[in-house]
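Participant: In order, the protein sequences belong to chains A and B.
Count the first sequence with the working numbering and you get residues 1 to 95, in order.
Count the second sequence with the working numbering and you get residues 1 to 95, in order.
In short, the hints are calculated from the structure, not lab data.
A hint or two may mislead.
Identical chains blur together in the list; that is why a pair holds if it fits in one copy or across any two.
[As the list claims (entries may be wrong)] Straight-line alpha carbon distances no greater than 27 Å define the calculated DSS-like cross-link-like pairs of lysine-lysine that follow: (1) LYS95 x LYS59; (2) LYS59 x LYS37; (3) LYS94 x LYS30; (4) LYS91 x LYS30; (5) LYS59 x LYS91; (6) LYS37 x LYS91; (7) LYS37 x LYS13; (8) LYS30 x LYS95; (9) LYS59 x LYS13.
2 protein chains.
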Amino acid sequence: MSKQSGVIFIGNKPPMSYVLAIITDLSSGKSNEVTLKARGRAIATAVDAAEITRRRFIKDLTVTSIAIGTEELPAREGENRTRAVSTLEIKMTKK
Amino acid sequence: MSKQSGVIFIGNKPPMSYVLAIITDLSSGKSNEVTLKARGRAIATAVDAAEITRRRFIKDLTVTSIAIGTEELPAREGENRTRAVSTLEIKMTKK
Chain A
1 MSKQSGVIFI GNKPPMSYVL AIITDLSSGK SNEVTLKARG RAIATAVDAA
51 EITRRRFIKD LTVTSIAIGT EELPAREGEN RTRAVSTLEI KMTKK
Chain B
1 MSKQSGVIFI GNKPPMSYVL AIITDLSSGK SNEVTLKARG RAIATAVDAA
51 EITRRRFIKD LTVTSIAIGT EELPAREGEN RTRAVSTLEI KMTKK
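Based on the provided sequences and hints, a complete structural model is requested.
Facilitator: Following this line, the structure appears as structure tokens:
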């Protein structure tokens, strides 16, 4: 799971790993906002992580915006078309 | 894939099945709005279907709102806890 300030990239670990990353990020005190970014199958994991954090751990965390999009990935070797992959971004703020 | 007016429930078929359902729904002329509802792993398929429809087929379709949530499902036989499953709702409007 890569990180840059306030942004958590969701991969294929279990949702709980990202829940922990969100909690750590918000308790660092640098910012009261965190953004989850996911693409492809990891999109479902991003929603899981957001919901588990909000419901079980940080009750005053609210979803401020959700955006969907598409990213063009370079063609795999032997293919000659770029691949399109869906993306999801969830921004959450702690009051 | 179940249907009620203007709502398309996303299951585990390929995204293209739902793209077709969206296009059919919008061309019926009943409404210029359609809502995709998905839970669990199907959440990624919902985003795929929305993005494919918007980018490839109906260019003037815009996402008007996206919401995430959690649904409590009854416990499976032999278990005594309800299961929580994440949900996603994407509302889109054709201009």
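Participant: Since the copies are identical, ignore which copy is meant and state whether LYS59 and LYS91 lie within 27 Å (CA to CA) inside a copy, between copies, both or neither.
Facilitator: Classified as both; 15 Å inside a copy, 26 Å across copies.
Participant: At most 27 Å between alpha carbons: which applies to LYS94 and LYS30, within, between, both or neither?
Facilitator: Close inside one copy (12 Å), not across copies (41 Å); limit 27 Å.
Participant: Cα distance capped at 27 Å. Does LYS59 pair with LYS13 within a copy, between copies, both, or neither?
Facilitator: Only inside one copy: LYS59 and LYS13 sit 24 Å apart there, 35 Å across copies, limit 27 Å.
Participant: Using 27 Å as the alpha carbon limit, work out where LYS91 and LYS30 are close: within a copy, between copies, both or neither.
Facilitator: within (16 Å within a copy, 34 Å between copies)
Participant: When no copy is specified for LYS59 and LYS37, does a C-alpha distance of 27 Å or less occur within a copy, between copies, both, or neither?
Facilitator: Close inside one copy (21 Å) and across copies (25 Å); limit 27 Å.
Participant: Cα distance capped at 27 Å. Does LYS37 pair with LYS91 within a copy, between copies, both, or neither?
Facilitator: Intra 9 Å, inter 20 Å, cutoff 27 Å: intra and inter.
Participant: Can you give me the call for LYS95 and LYS59, within, between, both or neither, at a CA distance of at most 27 Å?
Facilitator: within (10 Å within a copy, 37 Å between copies)
Participant: Within a copy, between copies, both or neither: which one fits LYS30 and LYS95 at a CA-CA cutoff of 27 Å?
Facilitator: within (14 Å within a copy, 41 Å between copies)
Participant: When no copy is named, should LYS37 and LYS13 be tagged within, between, both, or neither for a Cα gap of at most 27 Å?
Facilitator: both (14 Å within a copy, 25 Å between copies)
Of the numbered hints listed earlier, not one is contradicted by the structure.
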